[in-house]
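Peer 1: So you can see what is in the structure, the chains are spelled out below.
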Amino acid sequence: MTKAIIIDDEPLSRGIIKTYLKSFPEIEVVEECSDGFEGVKAIQHHQPELIFLDIQMPKITGFEMLELIDHKPAVIFITAYDSFAIKAFEANAVDYLLKPVSEERFRNTIIKWKSKLVGTSPEPVERVLGVMSSANSQQSRIVVKTGSKVKIIPVHEIRYIEADDDFVKIHTPEGSYLKNKTMTFYEQSLDTAQFVRVHRSYILHINQITKIEPYQKDAHIAILRDGQQIPVSKTGYSKLKAVLGI
Amino acid sequence: MEIVKPAYGWKFRMAVLSASLLWASFHFWLVNRWFGYSVEVSLIESFDATFFMVGASFIGTFIAQYIPQSSRVQAVVLLGFILTYCCHYIVQESLISLASEDSEYLIFINQSAPVRIGIYFLVIAGSGVAMIFYSRISEQQLMAKRESATTHMVREAELQKLQLQLQPHFLFNSLNSMNALIMVDPAKARDMVQQLSDFLRATLKRADEQWITLDQEFVYLQLYLAIEKVRFGHRLEVQAECDDQIKLWLIPPLLIQPLVENAIKFGLYGTTDSVLISLKTERIDNLLQIEISNPFDSDMQPAEGSGFGLNGLRRRLYLLYARNDLLKTTIVNNRFTVQLTLPEKV
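In the order they appear, the protein sequences are chains A and B.
For the numbering used here, add 306 to where a residue sits in the first sequence, where the first one is 1.
For the numbering used here, add 91 to where a residue sits in the second sequence, where the first one is 1.
In short, the hints are calculated from the structure, not lab data.
Any given hint could be a false lead.
Straight-line C-alpha distance at most 30 Å; calculated DSS-like pairs for lysine-lysine [what the hints assert, rightly or not]: (1) A:K378 - B:K356; (2) B:K320 - A:K324; (3) A:K347 - B:K320; (4) B:K356 - A:K451; (5) B:K356 - A:K455; (6) A:K455 - A:K422; (7) B:K356 - A:K347.
Make the full structure from the sequences, and use the hints.
Peer 2: Below, the structure written as structure tokens:
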């Protein structure tokens, strides 16, 4: 028995997937979710092999939801109209269904998935996520998970981002959150007029800086509003100077 | 008409300065070597004459800027005469007072007067003419820039209108809902096919219309809402009020419906509970006020790419009414409100 979850905010849209799945008795729909938050919980709970995922949903998008789950099932995307996402899927051989979903296309997708012919496996999906989030250059928010809760951080609330082994730690006034992304990713996707990579391990929100003081040779330290000190490397200092216009 | 001032940048100043020095050197060489006067006399004369000539040219071009385009050429000629006379008078008097003991030199100054005057006039009037050409060229460039900006704006507005008419997302989602309904509730599916057809027909009709009545827009809106209600079911509740008195008010098409669509999208976006969208229309003096509001969760920042097309709408309103203050947005008590103020048809 294969466990599957359908995540789509429109009941009729979920209904049609369920109806089509009747021809595949070996696939069992263990839960239906109407938004990404429910999706995260359901995936953690059931650990399904396959999910059907809508992209445009309330609260968080399907792509953002995928960033939050540790257990990565095979994903079949469902979308009404998003030429850019479709390009990303095709480039990475990730399977997707277009609304209105035709039964024939659905059947082919499931058959291909069962024979593992198409990349519904995690790696190509990861690549799609990379393409989609870097396309939204200058992100306006970051979605993180703390315990079982999902938190949406608007980028203007970020104080600084710190490297932490394979993760990054996002510091906000309300606390710090780990995210499975690289420093380079945020250096490139955040607004460069506001966020500066001042050090190999730090990206700083410039509105947090109150003072910059020299420290040892070539190095500086930035002092934040709450008194916190952040190291600034030589190259980081020149980038900072360029952004602040000093 | 706007006055186009020549750009007296540092490059221009350096060019004028070096040209003046060059001219002064030539003048010095002429007086000193050709006519054989002393270094002192030659120096005084060359710098004195060049200084006043260049100064007069500056005064001339400065005044000419403020003279209307139509009579600038005549003005430059007239100014050239007056300034040449002034310049010659000042130079002559200053040279006489500076070198009065040398009678031979005084005769030289007197005899060379026609040549000097000719040169003064050529330089002073010439710089005026150059200024006229310069300002004409910059005016043309400015006009071309403005024209291309307007064309760009019009094109953008056209494109936006087209996108509003097509609404691919809405269309495909509706077709998907119908597809599902055909299996579970064929009667409802037939209803929806009818509604969507009516809606599309009305949308196509809108494409050619410049103005429609508020009443027509409301009928159109009802069609649209009926379809959205099938998709979102009980989650979507809409309150729309339209006073009988203003039913015939003329408004541009594709203005209210896209705003309601945005309100629905953003209202439903932040929550999975049911949402209330309200639409109020009211006449205040000779203005029509339309208010559309939806619940808004400030923690739920919209994701990238789904941003309001409000800026595009603002531009469209500007093209229609030539006003920038017709669209206002507020967030009060977790409700996002768009307020649209429409003057009577212009």
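Peer 1: Now tell me, hint by hint, if it's right for this structure.
Peer 2: To see whether the hints hold, each was checked on the structure:
Taking the CA atoms of K378 (chain A) and K356 (chain B), the gap is about 29 Å. The hint holds against a cut of 30 Å. The straight-line distance between the Cα atoms of K320 (chain B) and K324 (chain A) is roughly 21 Å, inside the 30 Å bound, and the hint therefore holds. For the hint pairing K347 (chain A) with K320 (chain B), the CA-to-CA distance comes to about 28 Å; that is within 30 Å, so the pair holds. At most 30 Å may separate the alpha-carbon atoms for a hinted pair to count; K356 (chain B) and K451 (chain A) meet this at roughly 25 Å.
Only pairs whose Cα atoms come within 30 Å are accepted, and K356 (chain B) paired with K455 (chain A) is accepted, the gap being roughly 24 Å. The straight-line distance between the Cα atoms of K455 (chain A) and K422 (chain A) is roughly 33 Å, outside the 30 Å bound, and the hint therefore fails. A C-alpha spacing of about 24 Å is found between K356 (chain B) and K347 (chain A), which places the hinted pair at or below 30 Å, so the restraint holds.
Violated hint: 6 only; the structure is consistent with all others.
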